[in-house]
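J.: The chain contents come next:
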Amino acid sequence: MKTVYERPTLLKEAYFHYCPGCGHGIINRLIVEVLEEMGLGGDAICVAPAGCGMLLYNYFEIDVIESAHGRGAAVATGIKRVRPENLVFSYQGDGDLAAIGTAEGFHAANRGENITVIFVNNGVYGMTGGQMAPTTLLDQVTTTTLRGRDSCAAGHPVRICEVFAALDGTAYLERVAVNKPAAVKKAKKAIAKAFQYQLDGRGFSLVEILSPCPVNWKMGPLDACRWIDEVMVKQFPLGVTKDVTCS
Amino acid sequence: MNRLMSGNAALGEAAVLSGCTHYFGYPITPQNELTEYMAKRMGESGLCFIQSESEIAAINMVLGAAAAGARAMTSSSGPGISLKQEGISYLAADELPAVIVNVVRGGPGMGNISASQSDYFQATRGGGHGDYKTIVLAPASVQELTEVVPLAFDLADKYRNPLLILGDGMLGQMMEPVDFDGLTRPADYDKPYILTGAKDRPAQTIHSLIFDTKLQEEHNWKLFRKFQLMEQNEVRYETYLTEDAEMVVVAYGMGARIAKGAIRRLREEGLKVGLLRPVTLWPFPAKALQEMAKTARDFFVFEMSAGQMVDDVKLALGGGAHVHFYGRPGGVIPMPVELSRIVARHYYQAQSRDSAVKRKKR
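Chains as they are written, first to last, in our numbering: chain A, 1 to 247; chain B, 1 to 362.
To be clear, the hints were calculated from the coordinates, so they are not data collected in a lab.
Please note: incorrect hints may appear among the correct ones.
To be verified - Below, simulated SDA-like cross-link-like pairs (lysine to any residue); rule was C-alpha separation at most 20 Å, straight line: (1) K180(A) <-> M38(A); (2) K199(B) <-> E33(A); (3) K199(B) <-> M38(A).
Said to hold, decoys possible - What the simulated footprint calls covered on chain B by chain A, stretch by stretch (three residues with Cβ under 8 Å from a Cβ of chain A suffice, anywhere in the stretch; the number is not a length): (4) 47-59; (5) 80-91; (6) 101-112; (7) 204-214; (8) 316-330.
Unchecked claim - Here's a subset of chain B near chain A, in silico, CB distances under 10 Å, partners left out: (9) H22; (10) F24; (11) G64; (12) K199.
Glycine included, every Cβ here is placed at the ideal spot set by N, Cα and C.
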């Protein structure tokens, strides 16, 4: 009998706390799969956010530190400057990176800090109950945009990859999704590439991952996956935004 | 060998000599010379200097560096220290060592860039959210920085807790002769808690999220016991002419320098006045005050604020002595002669009060 699928050894024997249909579980798994395949489990230090991803240390069999809301890139900077030999990455949501932590993310990117940010974009504040995020689409209904996001009152959805692409310190930026098997494979490749760029010392790398949040989107899991393809990617086009191949 | 240095620059030099390898700072007056000194000194020594995008980023870089095992420091002044409070709370909750310097300026709000002691409450009451304390060291001369800074790094490591050095604009800006020869780098502590990657050991985590209220309570009591140990072991203060003093002036930092000048004048006039200078503002030298209250009936608190430490003096004395107060908030720096006049008035008033009591008793 051939084993085609098993629990990565870097994934603890614990139940994810994520809601049904949530993308975080897939992304968590992809990260440890990549670390395992690259043999980096003993080198990795993860900075967990405030938000749905905050309990990563319950799932990852690697060193993890929790960051205050939005400060992941600054904490990762501190760690990396002490331990340049380690693989240091932060895991941040859209509220974390694109709202409260914009300055920390932006300037870590601009300094070309040799770290990786795994940026989970699900268009809402998930953990606090589905409020508007900086990435919430126009007309999207959330608990704080009851008639849909109105750009006059609440601004526009922020495209982090495109914003960061303008910064000279960034080496690799790609937007992927985890709403179907082919997309998940691409997401895994992107994570592996970002980690490799860090190992090669190329500077700041970020993988933005469009991730379903059926509970807060008030959709079934399948509809949520379809909604990413049909609606979300129009605002957040998939693909490589920046790839500086020379060091 | 004596060098003429500003307090800010001496702070930086003392930090490097104490083993500080990572400094993260953001410009704010009156502490800019420290950030600039670190840029130069750490650059020359192959150490890490980052001018961060904000005070918030700086304190979180400190947190990351401490979690990775480095002796890390940041510095700022009033408004910037307010921004750092979230990070300081996390450092305390995570039990991570760090040294934070506040070169205090006049406040509240934007205030001004003169010397002030307006951040006493913020420094001694934890400062950020949650239930925690930090040791607060208040040096009163540039030379004293060579003792206070290594002590700060040592105590931060010893207790795994952030520590504040509370100076002010005058200490930071003024130049005094300073001799670093007596400064010894504090020994390194074993740091099994730091994150190095789970290579030859199980994975570790550093976090302060504790959903279970009972476990959170347990964590808080654990921190509390640590703070109790600090209160028992780390109280530091200086006394000056207190043996026969009928009135003890209580002042710290540059306020104590001014008070010393005032006391010298008053002694020349024959007034029995002495000085108690807390070096640790927290833990506060309450026992020393109580001990002095056995012989001195009057305590005169002088602060460059509208009155903050005076609360701690009253708490320590518990009504067991008379407490007087004189403060100059807003960045005003009074001259010793001004203070000596006020102290003298209170001294003579206390004498007539005591003789009136004696008359009544007869």
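J.: Each hint needs a verdict: does it hold in this structure or not?
T.: Here is what the structure says about each hint:
| no. | hint | verdict |
| --- | --- | --- |
| 1 | K180(A) <-> M38(A) | violated, 24 Å |
| 2 | K199(B) <-> E33(A) | holds, 17 Å |
| 3 | K199(B) <-> M38(A) | holds, 14 Å |
| 4 | 47-59 | holds (count 8) |
| 5 | 80-91 | holds (count 3) |
| 6 | 101-112 | violated (count 0) |
| 7 | 204-214 | holds (count 6) |
| 8 | 316-330 | violated (count 0) |
| 9 | H22 | holds, 6 Å |
| 10 | F24 | holds, 7 Å |
| 11 | G64 | holds, 2 Å |
| 12 | K199 | holds, 3 Å |
Hints 1, 6, 8 from the earlier list are contradicted by this structure; the remaining hints agree with it.
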